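Student: Below, each chain spelled out in residue letters.
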Amino acid sequence: MRQRMLVAGALTLAMVGTAQARDRLVLGMVLEPPHLDPTAGAAAAIDEVVYANIFEGLTRIDERGEVRPALAENWTVADDGLAYTFRLRDGVTFHDGTSFDASDVKFALERAMAPDSVNAQKGLFEPIASVETADPLTVLVRLKRPTSAFLFNMGWGDAVVVAPESADENKTRPIGTGPFTFAQWVKGDRVEIARNAAYWGPPVALAGATFKFINDPAAATAALLAGDVDAFANFPAPEALAQFAADPRFAVVIGTTEGETILAINNAVAPLDDLRVRRAISHAIDRQAIIDGAMFGYGTPIGSHFAPHHPAYVDLTGRYPHDPEKAKALLAEAGVSGLRLSIKLPPPSYARRGGEIIAAQLKAVGIEAELIPVEWAQWLEQVFTNKDYQLTIVSHTEPMDIGIYARDDYYFNYSSPEFKAVMSDLAATVDLAEQTELLGRAQRIIAEDAVNGFLFQLAKHGVWDARVQGLWHNSPIQANDLTAVRWAE
Amino acid sequence: MSVFLARRLLALGLTLLAASLIVFTVMEVLPGDPAAVMLGVGAQPDTLAALRAELGLDRPVVERYLRWLGGLLTGDLGRSYTYGVPVAELVAERLVVSLPLALLALTLAAALGIPTGVLAAARRGRPADTGLMALSQLGVAIPNFWFAVLLILLFAVQLRWLPAGGFAGWGQGPWPGLRSLLLPAVALALPQAAILARVTRSAVLECLGEDYVRTARAKGLPPDAALWRHAVPNALIPVVTILGLQFSFLLAGTIIVEQVFYLPGIGRLIFQAIAQRDLIVVESLVVLLAAAVVVVNFLVDLAYAWLDPRLRHG
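These protein sequences, in sequence, are chains A and B.
In this text, residue positions in the first sequence follow this note's numbering: the first is 1, and each later residue adds one.
In this text, residue positions in the second sequence follow this note's numbering: the first is 1, and each later residue adds one.
Note that these hints are calculated values from the structure, not bench results.
It should be emphasised that the depicted structure is a prediction, and the values quoted were computed from it without experimental measurement.
There's no promise every hint is true.
If the Cβ cut is set under 7 Å, some of the chain A residues that face chain B in the computed set are [as the list claims (entries may be wrong)]:
(1) Gln121
(2) Asp228
(3) Gly335
(4) Gly338
(5) Leu341
(6) Gln378
Listing some non-contacts, in silico: residues in chain A with all C-beta distances to chain B over 10 Å [claimed, not checked]:
(7) Glu32
(8) Asn215
(9) Ala359
(10) Ala377
Each residue gets a CB set at the ideal place from its N, CA and C atoms; glycine is no exception.
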């Protein structure tokens with residue numbers, strides 16, 4: 001009898017065990033973050049672990065790319081757009097037990113703005129003139145000039161609130177205010193996070209989650225098939241998606257990203273400084289062929305540096321239709337013949353595979369393209385920093401980054417007073433209709449100037465266990481927000 | 001013996017100094033700035049300068065080399081630029097994967113390869129020999145990453161006996177860790193076993209042709225006894241040499257298999273560090289691996305002396 005009870009007990013335990021197993025998620029990621037401090041590095045993998053899970057900012061960006069309250073419960077903006085008063089949530093604590101208040105916000109913002117700041121997006125904080133703490137739950141931020149994107153900017157991972165007590169340790173032991181706490185990091189293998197029992201908001205459904213780093217596409221496929229990994233929010237092997245789509249155990253979700261993939265052109269070197277030559281290149285490009293050939297059909301053609309899912313998007317893909325004859329005529333008009341150009345290709349497959357196809361398309365209009373594969377570090381030094389290149393293929397994955405065309409000394413070597421004027425008008429306006437109009441003008445100016453060859457918007461290929469709910473379908477920012485993720489019953 | 005040791009230690013020191021100079025120079029010449037890699041395409045010049053200063057990259061090259069070398073001499077491998085933790089810590093985390101994996105693979109390779117080689121030599125020219133050597137040819141020819149994928153498809157995806165990859169760690173006892181290393185070890189061991197089998201076979205065959213074996217046989221020793229007592233022990237010297245080389249290779253040259261099984265081993269650490277221009281990690285690791293190779297060679301030399309008394313007293 002006793003033995004039978006023991007067996008029954010063991011069975012119950014085993015059943016409870018399997019029931020409990022459904023509140024954990026193993027999420028595959030291609031790249032491992034170099035460290036876990038989102039305020040001190042550009043690697044998307046950092047935000048893909050910590051954003052919204054471990055760290056929170058004053059505001060946050062949701063799945064649709066909209067600004068939501070986070071540590072700031074609400075805010076008011078002065079009529080002149082020069083002062084933001086944030087009302088903070090009460091009763092928030094950091095994971096190490098220290099309390100959160102206005103002084104932490106002041107510390108975090110001033111740290112990011114400081115001369116010795118190593119924040120990869122220091123530009124987000126540049127408009128800030130001062131940060132004042134009116135009382136422990138009220139922060140007043142004064143700006144140097146109206147900045148319409150300010151609330152969105154404060155929702156970036158680079159703008160999360162960190163505490164003075166723990167900021168220096170965040171790289172290896174991140175301490176935030178989010179619904180998950182950092183548990184452990186087995187370098188080269190995984191990061192584990194656990195539910196924060198002391199969270200200020202509603203508790204998350206998952207008891208814990210593991211981010212597993214697998215950068216080989218075949219290994220990623222095997223890990224999903226073997227059940228070692230429950231989900232890949234950005235699956236690295238588009239060629240295997242059909243196999244998963246046909247398997248009822250998995251859900252395949254194709255969404256959008258903020259990644260404008262471009263054939264970047266050095267506008268300062270001859271003959272690329274000639275608008276006709278750049279337009280010829282634009283006419284030589286067949287975007288759909290690149291999407292089909294390099295991306296297995298996943299991706300949306302773009303005609304300017306702007307995301308198609310954004311409300312202010314203007315479809316300019318028809319501005320330079322694929323027309324080899326027109327391209328040849330433009331080159332002849334510019335007096336260019338026998339043109340030889342080099343294309344530097346960073347490691348991602350969109351660049352390496354896309355480069356082959358673009359080289360063939362350029363050859364069809366009489367441009368001989370030499371492909372030069374480079375490592376990422378080489379790309380950053382040669383192309384991005386030293387501007388030692390003619391053409392390159394790269395995806396700009398930052399959200400709403402059309403402003404880079406207004407930057408002096410950016411690697412495109414493009415300078416347009418008209419474009420800069422539109423950008424400063426945009427920053428100064430709070431009227432939505434006016435913003436949309438200005439964004440449309442900005443898209444048209446860079447398309448008219450054929451600054452770069454605009455190729456396609458990267459797609460987000462998610463593959464996960466069909467029972468997993470609540471993962472983001474689109475990625476308006478690079479994040480794996482697990483706060484709404486749960487297993488279906 | 002002490003002269004032997006002193007000579008060895010001197011050689012070790014000089015080798016490591018040369019290795020440190022070469023790897024430091026190569027990493028300096030290589031285009032790419034660790035700070036730029038860390039800050040990405042949104043970085044502004046002043047932020048880059050601040051980070052370079054924080055990492056000490058604004059110091060002159062010679063000063064950085066001497067500082068690093070000084071650190072190495074006092075056992076300080078430096079601090080990783082990207083991870084921000086001591087290099088020694090990173091290496092220790094990876095060694096608990098790479099070292100057991102290398103040992104497991106080498107043991108499997110030896111257990112499979114040496115007996116196969118001896119058997120083939122003993123059956124020289126007969127069907128068993130031909131069959132085994134054909135198999136070993138196949139073993140040498142099959143790329144181990146491809147074999148690894150086959151193993152994953154069978155044991156992880158189809159049968160679900162073993163994980164498809166990753167490393168469970170040694171925290172919950174030896175079995176979960178060993179389970180994660182089993183398939184990679186088999187994938188690594190197969191080509192090594194094939195090489196060992198071929199080397200063993202030819203070494204044993206050579207010994208079987210020696211005068212002392214003929215003498216032993218002439219004195220009436222049965223073929224099997226002559227094989228095991230006279231031929232095999234003398235054939236072990238080239239086999240041990242190969243084993244030493246294989247161990248050095250398995251310690252760091254397993255990047256592709258680590259990649260396929262997404263194992264956090266030494267090979268992948270070097271690969272990532274090069275891609276991210278984490279110069280200090282690459283430099284320290286290469287010197288450590290050079291040291292490991294020299295030490296393994298030294299152990300192989302000691303094994304020679306143990307296997308062949310003439311070398312001991314010579």
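Student: Work down the list of hints and note, for each, if the structure agrees.
Tutor: Each hint, compared with the structure:
no.: 1; hint: Gln121; in the structure: 5 Å, holds
no.: 2; hint: Asp228; in the structure: 5 Å, holds
no.: 3; hint: Gly335; in the structure: 34 Å, violated
no.: 4; hint: Gly338; in the structure: 30 Å, violated
no.: 5; hint: Leu341; in the structure: 21 Å, violated
no.: 6; hint: Gln378; in the structure: 5 Å, holds
no.: 7; hint: Glu32; in the structure: 7 Å, violated
no.: 8; hint: Asn215; in the structure: 7 Å, violated
no.: 9; hint: Ala359; in the structure: 23 Å, holds
no.: 10; hint: Ala377; in the structure: 3 Å, violated
Going down the numbered hints, you'll see the structure goes against 3, 4, 5, 7, 8, 10, while the others check out.
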